[in-house]
Amino acid sequence: METKTIITGVIGADAHAVGNKIIAFALEDAGFKVVNLGVMVSQEEYIDAALETNADAIVVSSLYGHGEIDCNGLRQKCEEAGLKNIPLLVGGNLVVGKQDFAEVEKRFMEMGFTKAYPPGTSLETTIADLKAFTEN
Amino acid sequence: METKTIITGVIGADAHAVGNKIIAFALEDAGFKVVNLGVMVSQEEYIDAALETNADAIVVSSLYGHGEIDCNGLRQKCEEAGLKNIPLLVGGNLVVGKQDFAEVEKRFMEMGFTKAYPPGTSLETTIADLKAFTEN
Amino acid sequence: MEIKNQKLSNDDFFAERKEVLQQWPTGKDVDFDEAVAYQKSIPAKKRFGVKLEQAVKDGTTLIQPRAGVALYKEHIELLKYLEDEGEADLLPTTIDSYTRLNRYKEAQVGIDKSFETGRSMLNGFPALNYGVHICREVTSALKSPVQVRHGTPDARLLTEISIAGGFTSYEGGGISYNIPYSKNFSIEHTIAHWQYTDRLIGLYEEAGVSINREPFGPLTGTLVPPCISNAVAVIEAVLAATQGVKDVTVGYGQCGNLIQDVAAIRSLESMTRKYLDQFSFTDVRISTVFHQWMGGFPQDESKSFGVISWGAAAAVLAKATKVIVKTPHEAVGIPTKEANAAGLKASKQLASMLQQQSFCDMPAVIAEAEIIMAEMTCILNKVEELGKGDWAKGTVLAFEAGVLDIPFAPSKYNAGKMMPARDNNGAIRILSCGNIPLSNELVLFHKQKLDERAAYENRAVSFQMVVDDVYAIGKGFLVGRPNGVK
Amino acid sequence: MEIKNQKLSNDDFFAERKEVLQQWPTGKDVDFDEAVAYQKSIPAKKRFGVKLEQAVKDGTTLIQPRAGVALYKEHIELLKYLEDEGEADLLPTTIDSYTRLNRYKEAQVGIDKSFETGRSMLNGFPALNYGVHICREVTSALKSPVQVRHGTPDARLLTEISIAGGFTSYEGGGISYNIPYSKNFSIEHTIAHWQYTDRLIGLYEEAGVSINREPFGPLTGTLVPPCISNAVAVIEAVLAATQGVKDVTVGYGQCGNLIQDVAAIRSLESMTRKYLDQFSFTDVRISTVFHQWMGGFPQDESKSFGVISWGAAAAVLAKATKVIVKTPHEAVGIPTKEANAAGLKASKQLASMLQQQSFCDMPAVIAEAEIIMAEMTCILNKVEELGKGDWAKGTVLAFEAGVLDIPFAPSKYNAGKMMPARDNNGAIRILSCGNIPLSNELVLFHKQKLDERAAYENRAVSFQMVVDDVYAIGKGFLVGRPNGVK
Ligand code: B12
Ligand code: B12
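Protein chains in written order, with numbering that gives the first Met the number 0: chain A, 0 to 135; chain B, 0 to 135; chain C, 0 to 485; chain D, 0 to 485.
To be clear, the hints were calculated from the coordinates, so they are not data collected in a lab.
Any given hint could be a false lead.
Unchecked claim - Sample of chain C residues facing chain D (criterion: CB under 8 Å; computed from the structure):
1) GLY255
2) GLY475
3) PRO481
4) VAL484
Glycine residues also receive a C-beta, built at the ideal position from the N, C-alpha and C atoms.
When you get a sec, could you build the whole thing from the sequences and use the hints?
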């Protein structure tokens with residue numbers, strides 16, 4: 000199997016670093032090439048990194064509740080930049096407060112994300128799904 | 000003010016003694032004459048004691064959940080025994096489980112109780128109400 | 000009636016048994032040999048004693064709820080929910096109050112009314128009315144070991160049906176299921192009834208089936224000084240072992256002061272071992288159970304979670320083998336299954352989270368345990384002396400004399416002269432000894448502790464203090480202070 | 000940029016102030032003299048410092064939530080609910096993340112969008128955009144003292160508006176609101192910004208208005224060894240006092256091992272006193288804050304109650320002056336007001352119930368506190384040495400050198416070389432020191448503790464242990480064991 004490249008990072012003004020560091024560690028451990036942008040990543044930074052490394056997927060984290068505002072428009076920008084149909088995964092604590100996740104998922108799917116994940120998604124799920132989404 | 004006589008006791012097969020001992024202590028402290036029948040009191044025992052002491056009110060406790068079964072018919076027996084309109088108060092944890100108290104109250108009022116009290120009724124309320132109910 | 004602490008002879012036991020099995024129609028379905036065979040078919044991981052022994056070895060604390068409803072299918076659903084969603088390690092079957100008082104007709108009315116109304120009209124599961132086969136349906140439907148929990152002074156037929164019904168543990172004792180639970184039962188009688196229960200379990204043991212037995216530790220659950228409940232637990236353990244019981248779980252109800260709670264479990268375990276060994280019951284297995292706060296609870300559910308969690312924490316820090324869990328509905332009524340599972344999950348979080356921490360060897364705990372053991376020794380020596388070496392006789396005389404005396408007990412066989420109250424740190428002390436035979440030194444110790452509180456609160460030591468303490472936890476405090484005192 | 004730990008001159012301060020007040024239109028409403036007069040009109044019982052001082056005197060532990068929503072009327076309702084239904088003693092106003100990063104335009108979008116959708120689209124209260132008058136509407140509507148809580152590296156304008164707006168306490172510090180909260184802010188800059196904040200509060204103090212200041216104790220909330228967070232707290236207390244602050248609350252985030260937690264608070268308080276005295280700030284009042292578990296929470300609400308309650312218990316047993324309370328929604332999102340009140344009530348039950356119990360003087364606690372103090376001394380001596388006596392300079396150089404090093408921090412100015420892990424009893428130890436300058440003896444102590452765990456778990460000490468520990472509490476454990484190890 001050829002090595003897949005994944006961009007990881009926490010979007011917006013979000014400084015939650017723990018999950019990000021652990022995701023990067025675990026994906027590498029699982030055989031991916033990881034380009035970890037850390038916290039407080041702008042939409043442009045994800046796109047630049049993905050273009051530069053010819054990445055296979057972008058993993059966006061948002062923990063602090065402003066995910067809805069921060070993620071809006073990312074898919075369009077990807078398309079414009081030529082990252083056609085790149086898998087765009089998003090997870091963490093995406094919205095403010097405890098909301099029905101089906102609702103939340105719908106909103107993020109409408110924004111063009113390939114898949115959105117609820118709070119507490121395990122590393123196992125993240126890795127398994129990434130393998131599936133980056134398979135040729 | 001003339002001294003009022005109150006019959007206290009825990010009805011049925013109920014052995015919860017703590018509240019009963021404290022109610023008896025507090026009512027005496029508040030100036031009532033208390034005839035405390037203790038726990039596991041049958042309907043007949045309340046009535047006999049009330050007749051014997053010419054009591055002004057009967058305070059029935061039921062904690063263990065079988066109150067509905069145990070209290071059924073007490074008012075009729077009082078009437079038959081000649082205790083016309085004697086104030087019949089009941090309190091504790093009257094039914095099995097956490098139920099809407101308005102519902103529970105209704106059932107006990109239909110059984111002929113003068114007033115029914117929810118879990119956690121304070122001594123202050125008990126004393127104040129007894130004073131009101133035994134006023135001439 | 001003449002009671003002796005001596006193994007019942009087969010003649011006596013089987014003569015009595017004949018009568019017992021006729022007390023209610025379901026008794027006729029009990030067949031000892033068939034029941035032994037059935038019990039032997041129960042896999043080890045569903046046996047109570049096995050799971051407890053493993054926990055003792057691992058140093059973990061298992062969690063167990065209370066639960067029982069009138070209708071058996073709902074009862075099975077309830078227990079399944081508690082082991083799956085609630086993560087209970089051990090399961091209960093709590094028996095209703097009519098059955099506890101041998102009022103089987105009223106229990107039947109309760110079953111029938113429950114069927115009619117679709118609401119459980121009983122405060123527990125009427126195992127005896129249901130009989131052996133339905134009990135087996137219950138116990139076999141579950142993954143975890145199941146215990147009968149009740150409060151029955153005369154539990155002879157219930158024991159027969161329960162053990163034949165596949166339960167592998169049985170709570171109760173001649174003192175602990177009498178004094179807190181009844182009014183007119185003499186101690187002679189209940190000790191005799193529980194000798195029957197224990198002898199029956201001894202017979203199972205001799206037939207190769209080990210059933211766990213658990214004296215009910217908390218008694219009235221209300222300001223019971225540890226030395227009293229511990230002394231009762233040791234007596235019941237010795238009486239049970241005398242009849243051939245080989246697996247006992249001695250218990251204690253949380254008082255709320257952490258040092259005293261840990262010390263109580265520490266002293267309970269070591270004194271039970273000491274006395275069982277002294278009576279040559281060195282092969283009896285001992286485990287401990289810690290009951291989360293057994294007195295009046297706060298009405299508020301979140302506050303109840305606070306009380307529940309603190310109980311779980313204390314149990315684990317004391318390294319109790321299991322903890323009996325309360326629910327956020329405690330102050331109001333028998334909990335829904337969701338409320339029951341909620342109490343379990345809060346407790347499970349702490350049972351596993353604090354597993355690596357132990358307070359058993361803290362100097363303050365050791366010092367407090369020394370005091371409890373000294374008190375227990377005073378009491379148990381006197382029981383022995385009164386009984387001229389016979390603990391069953393001694394117990395009867397001790398209650399008569401107020402040497403054993405349980406606060407707030409409903410029984411007329413209990414003296415009710417001893418008065419407990421909390422000291423300034425919330426530990427339960429003895430305000431007035433009644434006839435509890437403590438040494439002068441110990442009496443002085445308690446007096447000093449309570450004088451300290453009285454001085455701090457600027458009021459005399461009195462029954463009002465006791466009343467205030469009874470309400471305290473329900474109101475959010477441990478020590479019942481007068482208004483204005485922090 | 001050249002930083003010095005020295006009181007800002009009036010010239011420098013007021014020159015800077017002119018710029019600061021122009022950062023956003025609401026800055027122009029701030030008038031220092033008018034604000035002093037307004038602050039003086041706030042009754043004593045609504046002043047943060049007064050209530051803390053009383054609690055220190057009474058030996059009680061106050062409870063405080065986190066809370067903030069986008070719309071100010073809803074924010075007032077929320078805080079009223081938390082003091083009435085939740086029984087909060089102290090109130091917060093948690094600021095949203097855009098404001099924290101000085102992105103006031105985005106905060107305005109958040110306010111506007113929240114008005115439109117009727118849902119709070121911000122994760123906190125945008126006090127700065129609202130300005131002085133709306134802040135006064137908030138603070139004056141409540142019975143309890145209110146504090147601003149945030150995470151803002153450059154909080155100068157926010158401080159101006161908050162204090163003029165009637166808040167009587169202000170959280171943060173140049174280290175604690177930088178390293179855990181930002182990526183690219185240099186320490187020089189944030190120390191300078193917080194000198195401004197502290198100097199402003201010093202000016203209020205000199206004008207007769209005392210504002211409480213609280214360094215943010217828990218830092219990243221994730222496996223921070225007590226010596227690190229305590230050292231940071233002491234440094235921030237000294238820097239604040241240098242600017243004229245007279246009332247500090249030093250803080251600590253629960254690690255979960257009770258002995259270590261109590262020892263951390265004990266050593267935090269005594270070391271803060273020691274160093275403040277050493278710098279001749281003997282008139283600075285000190286109180287302590289204990290944060291309930293700051294790392295990842297369990298998803299389950301009942302389990303969260305267990306974690307919350309254990310945090311409250313530890314705070315009280317450590318005799319912290321206040322405890323910051325989590326909610327049963329923690330793992331999922333900003334709590335509803337009901338969930339927030341639920342966490343408060345569980346905590347209140349324990350705060351009052353355990354008030355009479357203290358673990359501060361247990362021998363095991365004293366021993367653990369000795370270790371923490373020795374570690375703090377190593378670190379603080381090195382900071383002093385690097386700064387040639389100047390703690391501000393020393394701090395900058397210490398972060399550069401990794402002498403101060405905070406695990407899991409997002410900041411690029413943090414070395415990230417130190418690695419923590421739990422020992423076999425769940426206490427946080429140092430797996431790899433990086434450049435934290437511990438004595439050989441202390442390094443050996445940590446190594447032994449972790450070797451013990453490694454041997455027990457039959458695996459090598461490694462980053463996997465750290466990862467397992469990060470998830471542990473969320474999964475119900477304190478120590479992250481590999482599969483199969485109990
Ligand atoms: C202590 C206790 C026990 C002790 C009792 C010791 C003793 N002999 O006294 C023990 C452990 C033995 C026990 C046993 C049982 N208990 Co119990 N027990 C409690 C507990 C925790 C506290 C009761 C108490 O002492 N409160 C303190 C006193 C001061 O308050 P009180 O009793 O409520 O009385 C006050 C008020 O109610 C009011 N009041 C009382 N009567 C009246 C009458 C009037 C007219 C008025 C105005 C006011 C009033 O004033 C009193 C004084 O302030 C309660 C739950 C709780 N409240 O937290 C459960 C509780 C009462 N027990 C309960 C049950 C079911 C049982 C058992 C059947 C066992 C079981 N299934 O778990 C057995 C029953 C045995 C029997 N035959 O009675 C249930 C009842 C359920 C229901 N109604 O749905 C409760 C509510 C627990 C629960 N949530 O499941 N129990
Ligand atoms: C630790 C923590 C902090 C620390 C962070 C330190 C640091 N720099 O890392 C501190 C104290 C500084 C902090 C600050 C704040 N926090 Co915070 N914090 C937490 C907390 C308790 C744990 C987060 C954590 O580390 N978890 C452990 C890691 C391993 O898990 P994780 O982050 O969830 O990531 C895992 C999964 O989500 C998943 N995942 C993540 N991304 C993705 C992406 C994909 C595609 C997939 C498949 C999976 C996936 O995999 C990760 C690894 O397993 C959470 C609540 C919780 N979870 O218990 C709140 C929480 C995230 N914080 C919150 C908030 C609001 C804040 C603040 C705004 C302060 C405030 N108002 O209280 C600030 C924000 C500052 C900023 N600008 O970002 C809220 C967010 C609310 C919401 N969404 O509604 C939370 C949920 C708490 C709450 N309930 O209020 N916080």
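So, against the hints stated earlier in the document, which numbers end up violated here? 3 and 4
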